[in-house]
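Protein chains: 4
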Amino acid sequence: MNAPHDYHRLADPAALRTRFIAVRARTMALIAPLSAEDCGAQSMPDASPAKWHAAHTTWFFETFILEPFEAGFRAHHPAFRMLFNSYYNGVGDKHERAQRGLLTRPAHADVLAYRADVDARVLALMASDRDTASECTGLIALGLQHEQQHQELIVTDMKHLLWMNPLKPVYGPMPGIDSVPPVQDVSQWLSFEAGIVMIGHDADSFSFDNEAPRHRQFVEGFSLASRLVTNGEYRAFIEDGGYADPSFWLSEGWDWVNAHGLSQPLYWHHDSECGWQEFTLCGMQQIEPDAALTHVAYFEAEAYARWAGARLPTEAEWESAVAGSEGRQGAVLSQLDDTCWQWTSSSYAPYPGYVPQPGALGEYNGKFMVNQYVLRGGSRATPAGHSRVTYRNFFPATARWQFSGIRLARSSSAA
Amino acid sequence: MNAPHDYHRLADPAALRTRFIAVRARTMALIAPLSAEDCGAQSMPDASPAKWHAAHTTWFFETFILEPFEAGFRAHHPAFRMLFNSYYNGVGDKHERAQRGLLTRPAHADVLAYRADVDARVLALMASDRDTASECTGLIALGLQHEQQHQELIVTDMKHLLWMNPLKPVYGPMPGIDSVPPVQDVSQWLSFEAGIVMIGHDADSFSFDNEAPRHRQFVEGFSLASRLVTNGEYRAFIEDGGYADPSFWLSEGWDWVNAHGLSQPLYWHHDSECGWQEFTLCGMQQIEPDAALTHVAYFEAEAYARWAGARLPTEAEWESAVAGSEGRQGAVLSQLDDTCWQWTSSSYAPYPGYVPQPGALGEYNGKFMVNQYVLRGGSRATPAGHSRVTYRNFFPATARWQFSGIRLARSSSAA
Amino acid sequence: MNAPHDYHRLADPAALRTRFIAVRARTMALIAPLSAEDCGAQSMPDASPAKWHAAHTTWFFETFILEPFEAGFRAHHPAFRMLFNSYYNGVGDKHERAQRGLLTRPAHADVLAYRADVDARVLALMASDRDTASECTGLIALGLQHEQQHQELIVTDMKHLLWMNPLKPVYGPMPGIDSVPPVQDVSQWLSFEAGIVMIGHDADSFSFDNEAPRHRQFVEGFSLASRLVTNGEYRAFIEDGGYADPSFWLSEGWDWVNAHGLSQPLYWHHDSECGWQEFTLCGMQQIEPDAALTHVAYFEAEAYARWAGARLPTEAEWESAVAGSEGRQGAVLSQLDDTCWQWTSSSYAPYPGYVPQPGALGEYNGKFMVNQYVLRGGSRATPAGHSRVTYRNFFPATARWQFSGIRLARSSSAA
Amino acid sequence: MNAPHDYHRLADPAALRTRFIAVRARTMALIAPLSAEDCGAQSMPDASPAKWHAAHTTWFFETFILEPFEAGFRAHHPAFRMLFNSYYNGVGDKHERAQRGLLTRPAHADVLAYRADVDARVLALMASDRDTASECTGLIALGLQHEQQHQELIVTDMKHLLWMNPLKPVYGPMPGIDSVPPVQDVSQWLSFEAGIVMIGHDADSFSFDNEAPRHRQFVEGFSLASRLVTNGEYRAFIEDGGYADPSFWLSEGWDWVNAHGLSQPLYWHHDSECGWQEFTLCGMQQIEPDAALTHVAYFEAEAYARWAGARLPTEAEWESAVAGSEGRQGAVLSQLDDTCWQWTSSSYAPYPGYVPQPGALGEYNGKFMVNQYVLRGGSRATPAGHSRVTYRNFFPATARWQFSGIRLARSSSAA
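Chains as they are written, first to last, in the working numbering: chain Z, 84 to 498; chain B, 84 to 498; chain G, 84 to 498; chain V, 84 to 498.
No wet-lab data here; the hints were simulated from the structure. The C-beta atom is built at its ideal place from N, Cα and C for all residues, glycine as well. Do not rely on the hints blindly, as some may be mistaken.
[To be verified] Restraint-style ranges between C-beta atoms, simulated for each label pair:
id, chain 1, residue 1, chain 2, residue 2, range
1, V, D328, B, H352, 15 to 25 Å
2, Z, N341, V, A192, 53 to 63 Å
3, V, Q228, Z, R180, 46 to 56 Å
4, V, D89, Z, R180, 55 to 65 Å
5, V, A192, B, Q182, 21 to 31 Å
6, B, A162, V, A196, 31 to 41 Å
7, Z, S346, G, A199, 15 to 25 Å
8, G, S288, Z, S346, 25 to 35 Å
9, B, A162, Z, R180, 20 to 30 Å
10, V, H343, G, T215, 40 to 50 Å
11, G, M281, V, D89, 33 to 43 Å
12, V, D328, G, A199, 33 to 43 Å
Extracted from the complex, chain Z is given alone in its bound form (with noise of 0.2 Å):
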């Protein structure tokens, strides 16, 4: 126990191998409907280039699987080794992070081919001798892992990037990704009894290394929301004063809101010709109100909570709630990670007993744990399979370009 997370475990060779084309041409499809310019250009330093994405998931396969598994490794391309390393140093030199948008060569084009060539490698290894390939079998699961969730930056950052168009231009088509269904449940509250609970990741599947190790925590009684708060209900808040008011919000969010002139979520829009209007993947669209509310910070849903008379639960809450409550009779908790990823009052922290992998993957998650904070969940975004109960996801209290929502909970004495 308490032994580094270990990512070489082993999974099924065949499944691994369907999975691993199937992953790899998701993210095709995500920029098929896209021009070799929209992948090229970068909104903020926050975003990322769709190309980018594109190429960063393959260096990931190069770096950790290619690198240290294939007999006779020569480099798709030297520089690329620096272009497309994200974060990790001890790996080496990487490229300036805000400047990812200027980087026209190589081309689309040659990302594509980088991709092919990747491919065909890893492919390659897979298919070698046993021992090699159940060796980086888990390190090949990493990397499909690592590239859904590029899969899903992939839409926020394109969304950032058309919104920032005075065209407000369309993504293309993509049924399901930005469609806002409408609830048309009263929101319910689910009440869960104080104790210990356990919360985090044991077993053989796979996880991250932050999501372990799994161990007890206790927890006071309280209550969740059955569903995510809608679009009418914020606006409701709006009308309410509620950026106007600094009793709501956390002296840091209401410094945040002023110096920003903040008074709605990141893609809403209002003119008195059109009323209220929120950009999506397809274009500006009238607000649905009974709709899941999506891209507010957390010191938006912070003060949201407040003047709900509620507030955010602990990511110990969420994730024993949703545990707990499944083959529970009556009300059930809804939306859970088909909607939006949902802000948790946990800040990003170690679980006790964290020990994350030696070497350049350990860099994966550890070091970014300060001054962020956890969503529990999934969203539309997510890749169908990627979420788990006990996936941690995690952004800063100013993150707006996420598809980021709110379920409220309250402790059972206050009741």
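Got chain Z; can you put chains B, G and V on it based on the hints?
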């Protein structure tokens, strides 16, 4: 239970009167060695002029005790209501924090007169009819705790101001406050069992609202260092390249180190002629290797701990260990509250069931619960009797001008 | 006299048609070696994407020729009116300059179609009834001059973009534009007598409004260097500690050097392996000591001149010397308009009697006449026939990405 | 001719002694109404504390007179050599400008003692052997001119500090300095013929190096307004939407107006209760419509002039008109040097043949000759006898805290 925190608690009126006189006098003693010029300057937006501290603590009594309880209340000076409001939006406008050093009027002498006037009126109120007096004793006690917090800030803020002066001048004769007594002891690991612990404040005695309610937490087995990290130990980290190796640092901490070109704690200075020196309230002094390190940021504390193969304690570990080690045999925890505040790995967050007081006093603590880290214990600059085992101090991860040091922890299973 | 500058001058319609086709084609030739990705990126707020230049020059014709003169005018695309307005407040809204690199839509191909449409319509207008055609010939000539200015910016802006790429890629085969032919000549001082000179433009031929009116200035006796400062000469300045000695620099220049850690011209690079190299449109090249120095800021030019015991010429000196040296015996002025723009010591200001055209075209030059310095001559990237002896180029004192070099001057009495 | 400017000129020793005592005493009189706290604060990086001015002017005498000429010179305090050096790189290190307000030590009283010591030693030197005394009279005269410049800055910097204080306090009884006498006169246009004029200083009397050499300039015919623009005239510009219409503004000025949300001169304030008021050294006062406008930036002066159908004069126009209008019949130029400095359209640049003195004194003026604009005349805060017709004051185009106003000009041909 889970009622809002109530500062209106009974206290012994006679003792309170004595205490009021003593605490208010100590502020005067702290600024006595300083000139009006010294007291007026502000070295950075995070720090305030000593004059402002002297006035703001007085404003607190005027606003929260005299205004609601004094018959026929009239403000000492109408403009002071705004000039010396720190951050209470519920009370009205406030002066721009970064411009506190420009308030050369009112003069230093005017602020002393403000103190004298409010002192006399509060003492008169305490001597007035029983009902009124008893109604405000809790608030007066809060005002005194508040003033003690600012007494520590007077010391840290003036230290920073004097450090910014190329002359590195001496604050004045301050025996005890900034001396650095060496410790002879080898640090030992005290181990604690896993289990549910109670932390937080629940007694009849005074506490800030952020210490309540007392509640249960589950803590895994851990060990805590018997004493603080010393200057000599930290120097070994520096000499081992601690500030040049990203693998020791949180990603945001590494960016911070490089953006500011940091290579040592705040007040340290090294040159070939004098070797390692540090700035103290008595001027530049040789660094004492066996004395406790102080003036490090959370980022530095966290990096040092990783370098040392350990980690920072959580606040639940810290509090339960300190509470639980009383009367224990063998090694004991030393340097708890008389040397340096000790960074914990806990993000500053509300305890389960936390409900701030309604009104402006609810702004005292709650609205700062984001992007800050908890420090426990107390420092050489903390007024005697001010801190306690449940006390939660908090600062951003980059703050270094407080008397902040490091106590290491380890997970038991990691041993 | 002193009427507003009038761009509506007669030009030979047939010649103008030929010229229109040629100038418009040259823009296409300049971007031909570039991909759509290359053309879309913006390396800094001062630079623009090549796609934007291609569109904005087209917008100019659409706005100032088609809109007022074409019967039944309809905008090619309503949004382009705002997207590709650079700075003409009189024309309406404009897109944020620093975000030009985010306009992935309209696509590169859409911009080419915009060009083709406007080309056809302008040509049709020129072929239409005599009155209309003659009314707009002056404006079409202005539009072509404007496009030539942007042709030079396409080269400088793309050079900067490619430089920001760690691969230091090649623009493409561009014979002549960025070659650096060495000069063999020793620089000589050509002296000129004190007296009243006439400078500025007053002929029937085209000029920008900032070149007029032609007027008298008194110039004291001076000497001008026959050729530009070479790379080798500037390297001697560097090696003499030029970037480390404040006595050579203007105070603001010295702050600029230190704030950005500068120690060489923009595209120079030095390492122990390759020695001194510079980035060109053909990639990294060894520096040719006898070739003219380029890509220095006004601050660098001014500091170099002081180090060299000389100074920069005023624009009156430059213009009168060039005009007056024609047909002169002996040493001649070389490298006037085919190598680098030459910084003068003259702040960009209106000539006596300057009156800009009314309306939006009056914004072309006049509103930039502050905190910029005049450059004279022309560069290897200036389209043939675009510049003339009265031409006034201008940039802030820190601009280095233009092809800007140094011609020295001396006051006669200082000899 | 064209020798370096030489400040070592003869002056009458007896008169100089009297003058030394008087000028040094005036600085003391200026700070007499202020507390040590007032004198220590710095309201912005462009301004300095009055204490710093009092010390720096003393440092100037210590550095440029005592150090080279006093037998057995010893510094008053070694650290003062660095603390009170403003910008002379040739003299050694200097304290960070923006941190002058943090120098609470040395105390105000220590600076007064520094003044007294240096005063006594300079007077002793003046009384010493004839050769030494005569050698340094020119430098002492320079030191007194320098001190007078800082006397004006004490007034402007303290005015800005007091303005930053929400109490808008009164400097003290300062008859004459900040009163705003109304003018009754209608402004008239005085016209001047085109021709060669002589400007600059060439006499035996004192001047700064930037006023020399006296030289020829050709000036086209122009007219100059007989008096300054009044508050009432400027208010008409405001009420006509002057701050909301980009067509009046230089492009950089328009950006500046919008970035800072400007809508009026620096010290003006408008509310529905009090109407238009302005802050003066005597506190807030009603604006006097017939008094001269002051505290406008170059950008505002330039925009106002365009709105008024006029322009700012060049410095050659200003100087030649003032010199040439003496003894003239009819309308005269008023408010030349006793009201406000007058922005000219001339960028601050060296005169033809300008050669600064070698050594540190050469840094006095020359190194600031970029991105600043010349002001001519003098203000109500300029010490009597300090300015002259050749005097060149200079500030960046955004500076507003000086007593700077507007005198209009017109090109003759525009009439």
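The hints, checked one at a time:
1. D328/V with H352/B: 15 to 25 Å: Roughly 55 Å apart at Cβ, these two residues miss the hinted range, so it is violated.
2. N341/Z with A192/V: 53 to 63 Å: violated, 43 Å
3. Q228/V with R180/Z: 46 to 56 Å: 53 Å Cβ-Cβ, so the 46 to 56 Å window holds.
4. D89/V with R180/Z: 55 to 65 Å: holds, 56 Å
5. A192/V with Q182/B: 21 to 31 Å: At roughly 26 Å between Cβ atoms, Q182/B and A192/V fall inside 21 to 31 Å, so the hint holds.
6. A162/B with A196/V: 31 to 41 Å: Between A162/B and A196/V, where Cβ atoms are some 35 Å apart, the hint holds.
7. S346/Z with A199/G: 15 to 25 Å: Distance hint for S346/Z, A199/G is violated at roughly 43 Å.
8. S288/G with S346/Z: 25 to 35 Å: Because 55 Å falls outside the window, the suggested range is violated.
9. A162/B with R180/Z: 20 to 30 Å: violated, 47 Å
10. H343/V with T215/G: 40 to 50 Å: At 46 Å between Cβs, range holds.
11. M281/G with D89/V: 33 to 43 Å: holds, 36 Å
12. D328/V with A199/G: 33 to 43 Å: Holds, since D328/V and A199/G (Cβ atoms, about 37 Å apart) stay within the stated range.
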